[in-house]
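A.B. asks: Sequence:
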Amino acid sequence: MNEQKIELYDGPAGGWGALKSVARSLNEQGIAIKGAKTLLHANQADGFDCPGCAWPDRDHRSTFEFCENGAKAVAAEATARRATPEVVGAKTLKEWAEVSDHELEAMGRLTEPMLYDAETDRYQRTSWDAAFALIAKELQALPDPNQAIFYTSGRTSNEAAFLYQLFVREYGTNNFPDCSNMCHEPSGSGLRPTIGVGKGTVTLHDFEQADCILVFGQNPGTNHPRMLGELRAARKRGARIVSFNPLRERGLERFADPQNKMEMMTLGDSPISSHYFQLKVGGDFALLKGMCKVVVERGVLDDAFIAEHTTGFDAFIAELREQPWEPLVEASGLTREQIEQAADIYASSERVIACWGMGITQHRHSVATIQMIVNLLLLRGNLGREGAGACPVRGHSNVQGDRTMGIYEKPAPAFLDKLGEVFGFEPPREHGYDTVGAIQAMLDGKGKVFIAMGGNFAAATPDTAATWRALRQCELTVHVTTKFNRSHVVHGRQALVLPVLGRTEIDVQATGPQGVTVEDSMSMVHLSSGMNAPASEHLISEPMLVARMAAATLPNSRTPWLALAGDYATIRDKIEAVLPDFAGFNEKIKQPGGFRLRNTASERVWVNPAGKAVFSTHAMPTDLAVERVAERQRDVRVFTLTTVRSHDQYNTTIYGNDDRYRGVYGHRRVVFIHADDLKDLGMKSGDWVDITSLYIAESGNDVQQRRAERFMLVEYDIPRGCLASYFPETNPLVPLESFSITARTPTSKSIPVTLSRHG
Numbered sequence: 001m002n003e004q005k006i007e008l009y010d011g012p013a014g015g016w017g018a019l020k021s022v023a024r025s026l027n028e029q030g031i032a033i034k035g036a037k038t039l040l041h042a043n044q045a046d047g048f049d050c051p052g053c054a055w056p057d058r059d060h061r062s063t064f065e066f067c068e069n070g071a072k073a074v075a076a077e078a079t080a081r082r083a084t085p086e087v088v089g090a091k092t093l094k095e096w097a098e099v100s101d102h103e104l105e106a107m108g109r110l111t112e113p114m115l116y117d118a119e120t121d122r123y124q125r126t127s128w129d130a131a132f133a134l135i136a137k138e139l140q141a142l143p144d145p146n147q148a149i150f151y152t153s154g155r156t157s158n159e160a161a162f163l164y165q166l167f168v169r170e171y172g173t174n175n176f177p178d179c180s181n182m183c184h185e186p187s188g189s190g191l192r193p194t195i196g197v198g199k200g201t202v203t204l205h206d207f208e209q210a211d212c213i214l215v216f217g218q219n220p221g222t223n224h225p226r227m228l229g230e231l232r233a234a235r236k237r238g239a240r241i242v243s244f245n246p247l248r249e250r251g252l253e254r255f256a257d258p259q260n261k262m263e264m265m266t267l268g269d270s271p272i273s274s275h276y277f278q279l280k281v282g283g284d285f286a287l288l289k290g291m292c293k294v295v296v297e298r299g300v301l302d303d304a305f306i307a308e309h310t311t312g313f314d315a316f317i318a319e320l321r322e323q324p325w326e327p328l329v330e331a332s333g334l335t336r337e338q339i340e341q342a343a344d345i346y347a348s349s350e351r352v353i354a355c356w357g358m359g360i361t362q363h364r365h366s367v368a369t370i371q372m373i374v375n376l377l378l379l380r381g382n383l384g385r386e387g388a389g390a391c392p393v394r395g396h397s398n399v400q401g402d403r404t405m406g407i408y409e410k411p412a413p414a415f416l417d418k419l420g421e422v423f424g425f426e427p428p429r430e431h432g433y434d435t436v437g438a439i440q441a442m443l444d445g446k447g448k449v450f451i452a453m454g455g456n457f458a459a460a461t462p463d464t465a466a467t468w469r470a471l472r473q474c475e476l477t478v479h480v481t482t483k484f485n486r487s488h489v490v491h492g493r494q495a496l497v498l499p500v501l502g503r504t505e506i507d508v509q510a511t512g513p514q515g516v517t518v519e520d521s522m523s524m525v526h527l528s529s530g531m532n533a534p535a536s537e538h539l540i541s542e543p544m545l546v547a548r549m550a551a552a553t554l555p556n557s558r559t560p561w562l563a564l565a566g567d568y569a570t571i572r573d574k575i576e577a578v579l580p581d582f583a584g585f586n587e588k589i590k591q592p593g594g595f596r597l598r599n600t601a602s603e604r605v606w607v608n609p610a611g612k613a614v615f616s617t618h619a620m621p622t623d624l625a626v627e628r629v630a631e632r633q634r635d636v637r638v639f640t641l642t643t644v645r646s647h648d649q650y651n652t653t654i655y656g657n658d659d660r661y662r663g664v665y666g667h668r669r670v671v672f673i674h675a676d677d678l679k680d681l682g683m684k685s686g687d688w689v690d691i692t693s694l695y696i697a698e699s700g701n702d703v704q705q706r707r708a709e710r711f712m713l714v715e716y717d718i719p720r721g722c723l724a725s726y727f728p729e730t731n732p733l734v735p736l737e738s739f740s741i742t743a744r745t746p747t748s749k750s751i752p753v754t755l756s757r758h759g
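Each step along the sequence shown adds one to the number in the UniProt record's numbering, with nothing skipped, and position 92 is 92.
Mixed in with the good hints there might be a few duds.
Claimed, not checked - PhoX-like mimics (lysine-lysine), calculated; alpha carbons at most 25 Å apart, straight line:
id : residue 1 : residue 2
1  : Lys410    : Lys612
2  : Lys37     : Lys20
3  : Lys236    : Lys261
4  : Lys574    : Lys588
5  : Lys37     : Lys590
Stated by the list, open to error - Label pairs and their in silico Cβ distance ranges:
id : residue 1 : residue 2 : range
6  : Val300    : Asp623    : 29 to 35 Å
7  : Glu330    : Gln140    : 56 to 62 Å
8  : Ala533    : Ala697    : 51 to 57 Å
9  : Met262    : Ala510    : 47 to 53 Å
10 : Ser685    : Gly268    : 27 to 33 Å
11 : Ala697    : Val99     : 32 to 38 Å
12 : Pro513    : Pro271    : 44 to 50 Å
13 : Glu709    : Ile741    : 28 to 34 Å
14 : Gly759    : Val99     : 19 to 25 Å
15 : Asp444    : Arg757    : 33 to 39 Å
16 : Pro560    : Asp129    : 15 to 21 Å
17 : Glu421    : Glu603    : 25 to 31 Å
18 : Asp10     : Glu709    : 31 to 37 Å
Derived from the structure by calculation, the hints contain no laboratory data. As the structure is a computational prediction, the values presented were derived from the model and not from experiment. For each residue, glycine too, the CB sits at the ideal point set by N, CA and C.
Construct all of the structure, not just a fragment, from the sequences and the given hints.
C.D. replies: Written out as structure tokens, the structure is:
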């Protein structure tokens, strides 16, 4: 275990610290030489797409195109360590339950399919045929297909995702909870009705042309490090980078580009943000409404664009003019002067991009906040033109592609019509469960079989105690994976762990070596081909796994499952037949960098009922959870807790226990808090506390309490009344019933909590 300490880090993001961290990761995984060679194929024209984040690739022919956390993801996949059935079976699951998330995944790559044995409380080796026979038996035995739940991780390829949704719909359900439900669902829910597409509208070319880039609720230094290169280049050419974030984050302040020889030799760095506004946790809606109010009052509008391309403008500005300033200032945590300054920067810029991350999406009023971002862009015509637009920055490398392929619990009727026509069956029309709905269904006994295509459901989801109870009530849990994780310890009465090829590995099927495709955050679709030998001779690919599962479960299906999985080009032919935007799919992916899917909003074509971009009118929220709880708990200090990642983490994958940029080493159970709040509590940095979350359901008056114990207080530059701590350690504090309006995304970024001394 690393030395435990809290020590100020005053270096830049990136730089030598990032290179040292990459070298350390490769050495720890026992692949110093192999890992370096593997990384040089990441995001290259003839290489593999990074299994980390969904940020686009600048140049598929560059010397190297990876970041620190992407390198850690590659190192973890290409590791020399092997988690054989003997290694996993050396402990009971009761014993594995006491092991940290980091230690579970550090065992290395899984090598063979495993079946849970209840008598010994251990996983044991099984065969692929036996595994698929068990899955088929349990699925066929269900009286209603809707009693099966099919989860999807964002790392699943387009080809595997398309086969997966086809299999599940032929089976008879739309139960497709996925990781989008827990992160960027509000982005799609907010964008689709207003601009006609649920995706961002910009490309990397737009970042080269923008005069101003607004960054809301995002920490690219840890979550999307390659984005820093674009922000750095924009700042160097004079664009203003305006960051809105409660915490001071090093990646939004300074960056040293590891590819810049001069910066590396001179230990130099480049500033990122030209302006940094530290608003309250959850203060973005008020800030954005205030910015819109200033822009309207200043009269700096694109009147021609508004007249030709929008609707709802009059109602929007009428409500905006009635909005008093005091609630905006109070809710945002900024002064009126700061809000006006931010608005003036926006108004004086010709081409503006607005970026946002999960700091925006995981709140109760996240959809309204995203629509307020759209309002701000519409006021000055910053949609559908070069150097401007909306940019939701997504997480997993193919989370956007999976949704494009049909991984959605509420599929469009036109998509189902075409799917049924191409494959000769009648798809189910009833909407399925999202993630929150799936957990509740399992708790209620309505979900009997849970199958996860990747991910770490038990660690990623809210309300950990409830989620674990739900999984344990299942008749069968099945996890498709590359490494052992928490979800494999939290299992149903029967459980399978099925290991597959990773993104970095050579995939050979009946017709020869195969490549898969992925879609990044900016709708670019490109080919990914592995270059390492498989970690085990027993591994199969995700498309083949889905095909064999489908063939076993649906013996009367007319779909040629095994033939499709034997040649991924035939899967892409079927994708093209179902999805018009993929015309010429197999030819288009032959070009370096792939191709971009059509984005109608970037063409100023508004495919929504209004036929125009819509100004959305939203009043200031009056039902904030923190305020309701504080009103009831007058005798204690109620804080707003936001969950964050450490720098040694990607989603629920923990690479280590350090958070270099925040100065935390060897710790994960920490709470970041303002110095004055520490004094008010009569505590100091280094004290240990328990965190209690408080929740009042809309339908009742009782205050629900959830508790997470033993966290160290760490003084940090964060607004008063706000706290931050890492997930998944704080996921137990997020109520299952607390989610965003419309999108139903857990409110992990705005949890009312109290602190008490531990012990």
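A.B. asks: Now look at each hint and say whether the structure bears it out.
C.D. replies: The hints, checked one at a time:
The straight-line distance between the Cα atoms of Lys410 and Lys612 is roughly 24 Å, inside the 25 Å bound, and the hint therefore holds. The hinted pair formed by Lys37 and Lys20 meets the criterion: a straight-line CA distance of about 17 Å does not exceed 25 Å. Taken as a hint, the Lys236 and Lys261 pair is honoured in the structure, with Cα atoms around 16 Å apart against an allowance of 25 Å. Restraint check: the Cα-Cα separation between Lys574 and Lys588 comes to about 15 Å, which is no more than 25 Å; the hinted pair holds.
Among the hinted pairs, Lys37 with Lys590 is consistent with the structure: their alpha-carbon atoms are about 23 Å apart, no more than 25 Å. Roughly 33 Å separates the CB atoms of Val300 and Asp623, a value that falls within the hinted 29 to 35 Å. As the Cβ distance of Glu330 to Gln140 is approximately 58 Å, the hint placing it in 56 to 62 Å holds. A beta carbon spacing of about 53 Å between Ala533 and Ala697 agrees with the range 51 to 57 Å that was offered as a hint.
Range check, Met262 to Ala510: Cβ separation about 51 Å, and the 47 to 53 Å hint holds. Taking 27 to 33 Å as the suggested C-beta distance range, the pair Ser685 and Gly268 conforms, at roughly 31 Å. In this structure the hint that Ala697 and Val99 lie 32 to 38 Å apart at CB holds, the actual value being about 35 Å. Taken as a hint, the range 44 to 50 Å holds for the pair Pro513 and Pro271, whose Cβ atoms sit roughly 45 Å apart.
At roughly 31 Å, the beta carbons of Glu709 and Ile741 sit within the given window of 28 to 34 Å. The supplied range of 19 to 25 Å is met by Gly759 and Val99, whose beta-carbon atoms lie about 24 Å from each other. Between Asp444 and Arg757 the beta carbon distance is about 38 Å. The supplied range of 33 to 39 Å therefore holds. At about 19 Å, the beta-carbon gap between Pro560 and Asp129 stays in the expected band of 15 to 21 Å.
Judged by the Cβ atoms, the range 25 to 31 Å given for Glu421 and Glu603 holds: they are separated by roughly 28 Å. Range check, Asp10 to Glu709: Cβ separation about 32 Å, and the 31 to 37 Å hint holds.
Comparing the model with each numbered hint stated earlier shows that all of them hold.
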